[in-house]
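> Here's the letter readout for the chains.
2 protein chains.
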Amino acid sequence: MTRVVVDVMPKPEILDPQGQAIAQALPTLGCAGVRSVRQGKRFELEIDGVLTAAQRTDIERIAASLLTNPVIEDFVLRIEDDDVVDTGRPR
Amino acid sequence: MTRVVVDVMPKPEILDPQGQAIAQALPTLGCAGVRSVRQGKRFELEIDGVLTAAQRTDIERIAASLLTNPVIEDFVLRIEDDDVVDTGRPR
Numbered sequence: 001m002t003r004v005v006v007d008v009m010p011k012p013e014i015l016d017p018q019g020q021a022i023a024q025a026l027p028t029l030g031c032a033g034v035r036s037v038r039q040g041k042r043f044e045l046e047i048d049g050v051l052t053a054a055q056r057t058d059i060e061r062i063a064a065s066l067l068t069n070p071v072i073e074d075f076v077l078r079i080e081d082d083d084v085v086d087t088g089r090p091r
Numbered sequence: 001m002t003r004v005v006v007d008v009m010p011k012p013e014i015l016d017p018q019g020q021a022i023a024q025a026l027p028t029l030g031c032a033g034v035r036s037v038r039q040g041k042r043f044e045l046e047i048d049g050v051l052t053a054a055q056r057t058d059i060e061r062i063a064a065s066l067l068t069n070p071v072i073e074d075f076v077l078r079i080e081d082d083d084v085v086d087t088g089r090p091r
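Protein chains in written order, with our numbering: chain A, 1 to 91; chain B, 1 to 91.
What the hints contain is simulated information worked out from the structure, not anything from laboratory work. Careful, some of the hints might be misleading.
Said to hold, decoys possible - Calculated pairs, BS3-like style, for lysine-lysine (alpha carbon to alpha carbon, straight line, at most 25 Å):
id: 1; chain 1: A; residue 1: Lys41; chain 2: A; residue 2: Lys11
id: 2; chain 1: A; residue 1: Lys11; chain 2: B; residue 2: Lys41
id: 3; chain 1: B; residue 1: Lys41; chain 2: A; residue 2: Lys41
Okay, chain A solo, but in the shape it has when bound:
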């Protein structure tokens, strides 16, 4: 089983009212020294078996179009828990 993580964050030049609200609340909650907070989304996709190159391309396309609003958001895609190496041999 392979886990693909897609982190979607607002672009740096985009205002993030949710993050700003959290940052403004922190000092009154006893948490000082936080300069800024940004809030984004995290998607965890579980793939059966090993992630193939074609699947990775598909998921990148989905991440860029369905999971991310490319006007205001950037995404980063990571492969986690990829503990099986694709040897190309049937298992």
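With chain A's structure known, arrange chain B on it following the hints.
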């Protein structure tokens, strides 16, 4: 500058309708083999200078109470971009 990342995800036993909707849409969008999708939140907190132990405790408390709904969500806290080592000496 230190970046603290808080990943908030629905607990495994909690239904995630947003993630399920994405997972159900994927095959029709040409993305096969994805067993499940979970959607959560990602917070990036920027701290001036080095993260102290007291600040870390504060942020863990905030993550557990303000950023996470402990009834339905779990969180993971990570320190990133911590390229300055706190030697305890004034700089």
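> Does each hint fit the structure? Answer for all of them.
Hint check:
no. : hint              : in the structure
1   : A:Lys41 / A:Lys11 : holds, 12 Å
2   : A:Lys11 / B:Lys41 : holds, 16 Å
3   : B:Lys41 / A:Lys41 : holds, 4 Å
Violated hints: none; the structure is consistent with every hint.
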